[in-house]
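Residue numbers (the numbering used here), protein chains in the order written: chain P, 20 to 174; chain R, 20 to 174.
Just so you know, not all the hints are guaranteed correct.
Identical chains share a label here; the pair holds if one copy fits it or two copies do between them.
DSSO-like mimics (lysine-lysine), calculated; alpha carbons at most 30 Å apart, straight line [what the hints assert, rightly or not]:
| id | residue 1 | residue 2 |
| --- | --- | --- |
| 1 | Lys147 | Lys137 |
| 2 | Lys170 | Lys146 |
| 3 | Lys168 | Lys145 |
| 4 | Lys161 | Lys95 |
| 5 | Lys58 | Lys147 |
| 6 | Lys144 | Lys95 |
| 7 | Lys170 | Lys137 |
| 8 | Lys161 | Lys145 |
By construction, these hints were calculated from the structure, which means they are not laboratory data.
2 protein chains.
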Amino acid sequence: MIQNSISQPISLEEIKNKLTEYGLKATHQRLVVYDALQKTHLHPSAEEVYTLIHSDNPSISIATVYNTLDSFVEAKLITRVLSEEGKSRYDFNTHQHHHIYLCNTDEIIDYHDPELQKILTAYLKKKKLTNLTIHELQVHIKAEVINPKQKISIQ
Amino acid sequence: MIQNSISQPISLEEIKNKLTEYGLKATHQRLVVYDALQKTHLHPSAEEVYTLIHSDNPSISIATVYNTLDSFVEAKLITRVLSEEGKSRYDFNTHQHHHIYLCNTDEIIDYHDPELQKILTAYLKKKKLTNLTIHELQVHIKAEVINPKQKISIQ
DNA sequence: TTATTTGCAAAAACTTTGCATACGG
DNA sequence: CCGTATGCAAAGTTTTTGCAAATAA
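The whole structure should be built from the sequences, with the hints applied where relevant.
Below, the structure is given as structure tokens:
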């Protein structure tokens, strides 16, 4: 099975603590946005986050969603995920991991593989990098789902 | 030295042939856009391509640049490059290669490394992929330039 | 000649900003 | 209370589209 985010969703109380820990005021809007992010693994765009929360929280504006996501990225609570479409998508999982981009559905799936991470790190360590500090290494796997109705799994 | 696109720029006549070969009509606008792409290695956005060509070709509109880039991507003459900013950037180099994203300058550098490609391919072959066909494997290295005035090199 | 491509402008999609109000710490 | 965050609307970006005119094949 593909390991998406490994951890279980955390409670609203724990989100509150996490926000504070990262230097952010724990507002209702931020709790809601964070909760939506942790419950979906589809690396949503701002618009998609807005749609996810809107029926339960009609007063939260799209501008607030954008601002909230930006503040999360700045606080390093989430990251922007690489994408080929020209829009920002976000990743709740801040552990080093890889991504599988499904080109027939535009879905992005987390692929957690510490062994692969080690291999890459070791390989690049051998190379002489001049004038560069590496911050992150990630493999981007572009793939196609053969049967959209069946499950996807790795090993 | 980092290997950017390995090949030398090709002549306008050769671009013409290439366009035809890929099923695209060889219009002046397309020749100009392709030529601009092959001469820069900075993975430009549509806007940047427009700026690059505009002084010599003031009659080519930004809409045409967008349409041209789209038609190139569709014809598989170029690819969209992954980016964290929410806009499309393009890559003239269609050979399998990796990218180094310089987070302090927003530049994207090609990193051509067939050995790394082999290691990755072999590693993933060992994994049991169910219901997926892999189209592309690429490593995305996020790095910071230590001294912006000095050259960057790998091995 | 004919289907495709272009230029232009307008619309759509995506994102940021300014300012008065609300609210967490 | 104080300063940050929000809501809203408006402005700014980025990208797409529709249509008449131009042009490659």
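The hints, checked one at a time:
no. : hint            : verdict
1   : Lys147 - Lys137 : both (17 Å within a copy, 19 Å between copies)
2   : Lys170 - Lys146 : between (38 Å within a copy, 16 Å between copies)
3   : Lys168 - Lys145 : between (43 Å within a copy, 24 Å between copies)
4   : Lys161 - Lys95  : both (26 Å within a copy, 15 Å between copies)
5   : Lys58 - Lys147  : between (41 Å within a copy, 27 Å between copies)
6   : Lys144 - Lys95  : within (25 Å within a copy, 34 Å between copies)
7   : Lys170 - Lys137 : both (28 Å within a copy, 27 Å between copies)
8   : Lys161 - Lys145 : both (27 Å within a copy, 17 Å between copies)
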